[in-house]
Amino acid sequence: KNEVEQSPQNLTAQEGEFITINCSYSVGISALHWLQQHPGGGIVSLFMLSSGKKKHGRLIATINIQEKHSSLHITASHPRDSAVYICADTNFGNEKLTFGTGTRLTIIP
Amino acid sequence: GAVVSQHPSWVICKSGTSVKIECRSLDFQATTMFWYRQFPKQSLMLMATSNEGSKATYEQGVEKDKFLINHASLTLSTLTVTSAHPEDSSFYICSAARGSTGNTIYFGEGSWLTVV
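Chains as they are written, first to last, in the working numbering: chain L, 260 to 368; chain R, 588 to 703.
Calculated directly from the structure, the hints in this document are not laboratory data.
Hints may contain errors.
[Said to hold, decoys possible] Under the rule of at most 30 angstroms between Cα atoms (straight-line distance), these lysine-lysine pairs were calculated in the DSS-like manner:
| no. | chain 1 | residue 1 | chain 2 | residue 2 |
| --- | --- | --- | --- | --- |
| 1 | L | Lys314 | R | Lys628 |
| 2 | L | Lys355 | R | Lys607 |
| 3 | L | Lys260 | R | Lys651 |
| 4 | R | Lys642 | L | Lys355 |
| 5 | R | Lys601 | L | Lys260 |
| 6 | L | Lys355 | R | Lys651 |
| 7 | L | Lys327 | R | Lys628 |
| 8 | R | Lys653 | L | Lys355 |
Just chain L, with the same shape it has in the complex (with noise of 0.2 angstroms):
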């Protein structure tokens, strides 16, 4: 059975800093998605990666393969960064999503 976990389940950070966000997965995957949902539920697409690295903005998405594991890093935090980031994959030949737990990210001004 896949399982997602994220780590840390909660964070809270100044403005500014530097944030990392954990995904492990337990079985092969196709892709890995970074989802972002904000407090009004709605949900959008980071991120999906299946190897290496991907940027955008100040966001950095990792992956590593082997180790079953995956990043988000945000750089220069900011309050508009405040959501939960979500980890989820989708498996060979099957388009259905296993998510990850979430991570509730607050930036404080």
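Chain L is already provided as a structure; the job is to place chain R on it using the hints.
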């Protein structure tokens, strides 16, 4: 870019009534859509996989007669919560996969359902 639109954003209904939530892919065809439910401070849980032109595939523990899913076209899937009860109050959200590998996933805005 690709957009998945969900409607309504929020709805309040009385116990025993039915509520329909629509999920549309606006600029691409989605042969497969997914419906999720999320209770407060909990993870998203997959309810069912909606397949265009065929029956939906429900996850274990999800009542198919209570949560009716129809995927009549390549751009529209609907979720109907029948005979709603207060415990059905939740956040419902859909997603659709784009591309041959299905790995580009887009989410609807979500629908907040409150049953009173």
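How the hints compare with the structure:
1. L/Lys314 - R/Lys628: Between L/Lys314 and R/Lys628 the Cα gap is close to 28 angstroms, so the pair holds against 30 angstroms.
2. L/Lys355 - R/Lys607: 23 angstroms, holds
3. L/Lys260 - R/Lys651: It holds: about 23 angstroms lies between the C-alpha atoms, which stays within 30 angstroms.
4. R/Lys642 - L/Lys355: 16 angstroms, holds
5. R/Lys601 - L/Lys260: Violated. R/Lys601 to L/Lys260 sits at ~38 angstroms, over the 30 angstroms cutoff.
6. L/Lys355 - R/Lys651: With Cα atoms ~18 angstroms apart, L/Lys355 and R/Lys651 stay inside 30 angstroms; holds.
7. L/Lys327 - R/Lys628: 26 angstroms, holds
8. R/Lys653 - L/Lys355: 21 angstroms, holds
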